[in-house]
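K.L.:
So the chains spell out like this:
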Amino acid sequence: MAYGGYEANSGTAARRHRAIKILLAGGFGVGKTTLVGAVSEIRPLRTEEPLTESSKDIDSTAGVERKTTTTVAMDFGRITLREDLVLYLFGTPGQERFWFMWDELALGALGAVVLADTRRLADCFPAIDYFERRDIPFIIALNVFDGARRYSVEDVRVALDLDPNLPIIMCDARSRESAKEVLITLIEHVLYVTDTPVAHK
Amino acid sequence: MPSNDEGWLDAEAGPVVRPYALTRGRTRHSGEAFDLVATVTATQTRIADPGGLGPEHFSVMQLAQVPTTVVEIASDVDLPLGVVRILLADLRELGLVMIQAPVPMKAHQVDRETLREVLHGLRGL
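Line by line, the protein sequences are chains Z and B. As numbered in the working numbering, residues 803 to 1003 make up the first sequence, in order. As numbered in the working numbering, residues 14 to 138 make up the second sequence, in order.
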């Protein structure tokens, strides 16, 4: 690979690295890291950011006002589709209060997968709101845990009050084939959404 | 239960050097921000004049010998993203690395041809 020529070639944008960023959101413990691991060509990498924040009502230690240091972890995986076309999958931090990290992740994201557990469907409401507000195309993937009661896709659509055109699919976050299908469904949805210029909410 | 004579400096205890000590207290870097998936490429194989650079700068340079993304470097050197960005900005200022922004790939900017390419690539995995 002739990387030595990078500087001289900087005018040829076509040769630039095309990075597709896909976000994977959902409640804590819903299987985000598992899904990243199932499709990533590298073992899911993890990067962390220490935070110092004044503890408000969160982590409430009954009236103790103090600074706390927390670490926000973010998992990510990589899929090289072509030498110059790479897909990055970012598992977003699960706790709501770390959402400011998402803003950076969401910047330039192609789309998102909201991973949901039908036993705790409400956990994914905030993620849905977030992507709707930012006009980031997303799909819902229901991670079917062993022994979990299975609801029909239509039940879930009603429960989440989702547009009839928004894809909702069942998946098994541990399975590579299933995780691939989730990503394919998302890209097809992005194609659909960008094809229909009428206001999508 | 941890006893007094063992394990109080394990990974759980956190780094021995506070992460931002490596950046001499700086939490922001000069110059424009770079994307998580911007590509970092070292322009040199070695640092001729180490000056004020620390071992972490060298580790980053090492990883950037082949084009690598910011986020992968952060994960590999096991340092917070914010710290790695500052180290990278230092190296860029010295002309030791090049940081190249990725082609924007937002849903409403990306061309259909690329999306089809992605679909094709995923199906072929």
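Just so you know, the hints here were simulated from the structure itself, not pulled from any lab data. A portion of the hints provided could be inaccurate.
Said to hold, decoys possible - One-sided and incomplete, this derived list gives chain Z residues near chain B with beta-carbon spacing under 8 angstroms: (1) E850; (2) P939; (3) V958.
As the list claims (entries may be wrong) - To spell it out: a stretch of chain Z is covered by chain B in this simulated footprint if at least three of its residues, at any positions, have a beta carbon under 8 angstroms from a beta carbon of chain B; those stretches are: (4) 829 to 838; (5) 875 to 886; (6) 922 to 928; (7) 940 to 946; (8) 961 to 971; (9) 979 to 986.
Idealized CB from N, CA, C, for every residue including glycine.
K.L.:
Indicate, hint by hint, whether the structure satisfies it.
P.N.:
A quick look at each hint next to the structure:
{"no.": "1", "hint": "E850", "result": "6 angstroms, holds"}
{"no.": "2", "hint": "P939", "result": "5 angstroms, holds"}
{"no.": "3", "hint": "V958", "result": "23 angstroms, violated"}
{"no.": "4", "hint": "829 to 838", "result": "violated (count 0)"}
{"no.": "5", "hint": "875 to 886", "result": "holds (count 5)"}
{"no.": "6", "hint": "922 to 928", "result": "violated (count 0)"}
{"no.": "7", "hint": "940 to 946", "result": "violated (count 0)"}
{"no.": "8", "hint": "961 to 971", "result": "violated (count 0)"}
{"no.": "9", "hint": "979 to 986", "result": "holds (count 3)"}
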